[in-house]
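One line per chain: the protein sequences are A and B, in this order. For the numbering used here, count along the first sequence from 1 and bump the result up by 2. For the numbering used here, count along the second sequence from 1 and bump the result up by 40.
These aren't lab readings, by the way, just hints derived from the structure by calculation. Glycine is no exception: its CB is placed at the ideal position from the N, C-alpha and C atoms. One or more hints might be untrue.
Unchecked claim - Which bits of chain B does chain A cover? Going by a derived footprint, with three or more residues having C-beta under 8 Å, they are: (1) 351-363; (2) 498-508.
Claimed, not checked - Listed next, the in silico DSS-like pairs over lysine-lysine satisfying Cα-Cα at most 30 Å (straight line): (3) B:K464 x A:K269; (4) B:K553 x A:K155; (5) B:K312 x B:K208; (6) B:K240 x A:K506; (7) A:K269 x A:K81; (8) A:K363 x A:K225; (9) B:K464 x B:K374; (10) B:K226 x A:K223; (11) B:K553 x A:K435; (12) A:K506 x B:K439; (13) B:K312 x B:K240; (14) A:K368 x B:K553; (15) A:K368 x A:K246.
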Amino acid sequence: MSQVLSADDLAGADIKSPFMQYLPAVLSIVGSFGVLFWRLQTTNFPTDEALMMCALAAYLFAALVQLMNLYAPSGMAEKLSLWTATLGVFFNLSSWLVRWVAAYEREIAMLRDAGNPETPWMFRYIPFANLYDLSLAFAFGAGITTLVFLTRKNFSVLAAFTLPLAALILTLARFIGSDFIDLPPVLDSYWRPIHVGVASISYGITLVCFAVAVIYLLKDKVKPESMAIWASVFSFAVIATISKFSVLTDFAYRAGIFVPGQTAADKPFFTPFRLEIPYVGPTLAISALLLLGAIAAFLAYVYRENLQARKIGHGLLAAAFIFQLAAVGFWVSGVEAINDVYPRLQTQIQQNPGQVAAAGKELVSKQNLSAQEFAAITPAQFEQAGQNFLQQAGSSMFLSLKTNPVEFAGLITGIAGLFFVMLFSFRTETLRKRLPSLESLDSLMYKTACLAFAGLAMLLITGAIWANESWGRPWGFDSKETGALVAWLTYAAFLHTRISRGWKGRSSAYFAIIGFLLVIFTYLGVSYLLPGLHSYA
Amino acid sequence: MSSVEESVKPREGSRSTFSLIWNAFSASVEFLSSVKFGVVLLCILVILSMLGMIIIQQNVQGFDAYYATLTPAERTVFGALGFFDVYYSWYFNLILLVLSLNIILASIDRIGGAWSYISDPKLFGTQGFYQRQRESAEVGVRGDSKDEVAGKIAAAFREQGFKAKITKASDLDEPSRVRMGITEDKVADGPVYLFGQRGKWNRMGAYIVHVALLTLFLGHFVAFQTGFDADVNMVPGESTTEIQLIDINLDKQERYAVALPFRITCLDIQQKLIDPGGSIEVFNTLDWRTRIQIEDPQYGTTVADVSLNNPFSYRGYRFFQAQTIPVGNARTMKLQLTPQDGGEPFAVDLARNGETKLPDGTVVAYEAFMPDFTFNERGEPDTRSTDYNNPVAVLQVTKPGAQAERVFAFASNISDDIPVGAPKLGYKWRLTEFEKVPLAHVLSIKYDPFNGAFIAWYFGGFGLMGALVFVFFVSHRRVWAMVGDRNKDGEYDVLLAGDTNRNHFAFEDKFKKILIRLKGEAYGQGKGE
């Protein structure tokens with residue numbers, strides 16, 4: 003409705019110049035290219051991994067400061083958070099650029115050592131070759147998108163929600179490992195930086211859209227207990243499915259096992275065997291039970307307004323959180339401490355001999371046999387294949403945190419989710435007051451969804467054109483292609499229901515959350531769980 | 041019953057039947073064109089796509105092992121439902137077809153409304169219309185006349201990128217004046233309306249997106265229906281007029297020979313290795329290159345290079361570097377010949393399938409290359425494995441005026457006492473260097489006679505990207521102003537309004553800037569003094 007505005011109304015109008023709005027983002031990018039230039043001048047330089055760890059620390063610090071600012075607002079904290087986030091993005095991009103140079107120098111050294119004078123073009127080494135590279139770029143996409151919106155009025159709060167997620171991605175990258183891969187020649191195309199670059203930025207935007215959706219739901223008075231139910235379901239699902247479902251069936255967590263590559267420079271190989279890590283399984287199983295209790299209690303509160311149930315639910319949730327943290331602690335310390343993998347595995351096999359045949363079956367299934375050939379193999383032959391592998395590789399087996407990055411990331415994400423819902427439950431009304439208005443949140447959610455939709459479309463199209471140029475098959479319903487298509491269709495549904503049905507606010511928020519979960523599945527799940535052309539990343 | 045009645049009644053009956061059919065047709069079209077139905081189709085596509093991700097598809101590596109693990113009942117049910125090839129099933133294609141229809145009908149349904157923003161912009165409105173806009177404000181602006189105030193507003197609009205169109209009450213036609221509540225006596229001194237807009241074509245963005253999407257679907261459909269995928273082995277020196285079409289049916293792969301309208305000859309293959317002394321496996325490879333010659337009765341001879349990410353197109357056929365047959369071979373060889381009569385050893389270069397002449401007139405021709413030499417059961421030279429464990433060049437050597445004889449040039453320092461390594465035809469033959477290359481390359485061939493894939497992805501795909509950028513990064517912004525009568529402070533009452541279809545916050549800033557500018561005018565000349 004129109005209003006008669008006074009001079010005072012307009013005097014307070016906060017109209018930031020575009021320059022100031024984009025200054026942190028521009029500074030972080032310019033600074034990173036400065037680092038690249040510096041790196042090109044010298045070889046004595048911090049590694050890309052060290053820079054990545056700096057980015058991780060900066061993201062976590064900025065998020066923490068912003069979280070504190072939510073409860074105890076101060077201009078100083080807001081500025082500190084903004085500039086630390088800028089520093090995080092700077093380190094993140096610097097790490098990626100330094101990695102580019104390192105990849106180049108690595109292969110040039112290999113070529114020269116072999117007496118090969120060839121110098122391939124620079125874009126062959128652009129760090130978009132494996133999931134580590136993609137994770138660095140994904141976190142950067144999330145960071146830079148956050149910086150762009152962070153300077154808008156009342157949106158500094160965004161950092162408290164997006165940067166922990168960016169930090170989670172970098173943590174995952176840390177566990178995936180920063181080893182370089184020998185680039186499959188077909189990937190040596192100028193379409194790779196275009197396609198994967200678009201993917202990274204688009205994924206980053208979907209992360210911000212997701213964070214805005216969560217903030218919206220919180221502001222829109224969705225009970226933290228309702229969120230706690232979903233966070234608990236997620237955590238429970240992770241616990242139930244990791245280690246091939248053994249946590250809830252055998253009360254045991256078995257970690258993947260590596261064997262070294264053929265040379266010191268080669269990446270280690272996954273074996274089809276898993277080794278039980280002491281205490282992790284029971285601790286996780288207890289956490290799962292506590293989560294079930296919390297879900298039941300919160301359901302009673304949400305649907306029956308039972309305040310006692312709410313109190314019990316929070317207690318159970320906190321306990322589940324502590325047990326999950328402890329399980330991660332046992333896991334990390336167990337993996338670091340166990341050096342006698344083969345003897346332990348033999349003891350484990352004595353207790354459960356079926357593992358050998360299962361491992362043998364897994365080994366045989368990778369030999370590209372026809373269905374008839376595969377069906378003709380007897381259980382004894384599977385067992386023999388498993389035994390042969392054990393005899394050949396058993397003594398060189400070792401544990402590493404890098405064997406199960408998806409499981410680890412799932413658990414850490416579950417813990418982060420529980421932490422946030424517990425945080426939301428603390429002085430919820432104070433928190434809600436500090437959040438931007440519903441209208442502005444909805445508008446930002448729509449804007450980021452539009453960007454994500456356009457970005458994912460570009461991702462699909464550039465991928466298809468690359469595939470058409472490289473092997474004449476623009477679209478083949480490869481798992482990753484299909485995953486990205488499904489996410490894109492979800493955002494299409496988001497935008498169309500908004501236009502045609504007027505689904506705004508909460509409905510849009512739910513779409514944004516589903517869309518992001520599908521993106522995460524495409525980014526991580528498809529790479530590790532499904533076969534396809536993109537299994538390298 | 042009169043003849044008139046008789047003749048009328050059946051017509052009424054047919055009209056009601058016609059109207060029933062028409063109503064049913066209208067309802068169907070309305071349903072098909074609804075966005076709600078489109079969203080439902082999108083959701084079904086999402087579910088089917090996810091199903092195809094979970095159930096390994098028959099063209100994906102590992103399908104055979106997966107298929108073998110299924111029970112007979114699972115195979116029957118999944119097979120009958122088309123779940124092993126869900127993306128090419130009739131119902132998936134039907135849904136895509138219906139979705140295309142939905143996009144077309146929904147676009148036709150709505151394009152008229154969108155076009156009216158361009159063809160018939162709303163230049164003026166009632167006070168209620170202005171107040172209902174997302175942004176609206178009343179402001180007093182000082183000036184000697186309404187025209188002067190309108191000029192100031194137009195300048196403020198211009199500063200924010202809006203070109204103002206001014207409409208006076210006297211410019212309005214009778215119905216408009218009635219609608220705006222302007223009586224005859226007020227026409228001369230009636231309100232002045234200003235309207236400015238930017239990005240009006242953005243209203244058509246969604247339809248450009250739809251056209252691009254349909255181009256993509258159609259191009260892909262044409263490529264799929266009229267083309268095929270095949271492959272051909274390329275062994276240097278060999279030629280063919282046939283390629284192998286691959287048909288996958290569950291766990292069976294069948295190949296059919298398809299005749300080409302031209303002959304294709306492999307002139308050369310090359311594998312660029314990171315470590316030239318290393319293996320010919322993928323991880324040690326920079327690129328593969330195949331040089332082919334096409335002899336076409338219609339268009340003559342063409343020579344082309346095919347390498348990774350660098351396909352070659354010819355008459356609707358695109359040749360891609362796909363795989364290799366990784367049996368070790370040599371592209372070029374350096375032989376060391378030591379004369380038996382005690383002369384100095386000298387080097388001779390020989391290419392695969394090539395020949396060379398020695399100073400004494402002896403002709404040395406390539407016959408074969410064995411990476412891991414052995415004699416097979418029939419006593420013929422053969423290879424034990426595909427690796428370069430015991431490489432040897434098998435040569436045909438012809439002394440002037442004599443018959444050709446087979447000679448073996450080993451890379452290893454084989455003893456002269458062993459017959460195959462012993463000096464022959466006046467020389468001791470040794471293979472000192474060779475450029476590693478596989479036995480053959482495999483080119484995959486995509487036949488797409490109408491360039492459907494190109495049209496789909498370059499026109500449809502790039503069109504879609506451009507259209508989406510246009511839709512989401514541009515917005516249709518409109519501002520209005522109505523200059524009313526002079527108020528008691530001597531200022532003219534101005535009602536400002538604005539709206540945008542996207543990016544409200546950026547527009548809000550612009551609207552505030554217009555207001556600040558007008559307020560500045562007002563306060564600068566009036567109250568501010």
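Task: Hints violated by the structure (listed by number, smallest first) - done: 3, 5, 7, 8, 10, 12, 13, 14
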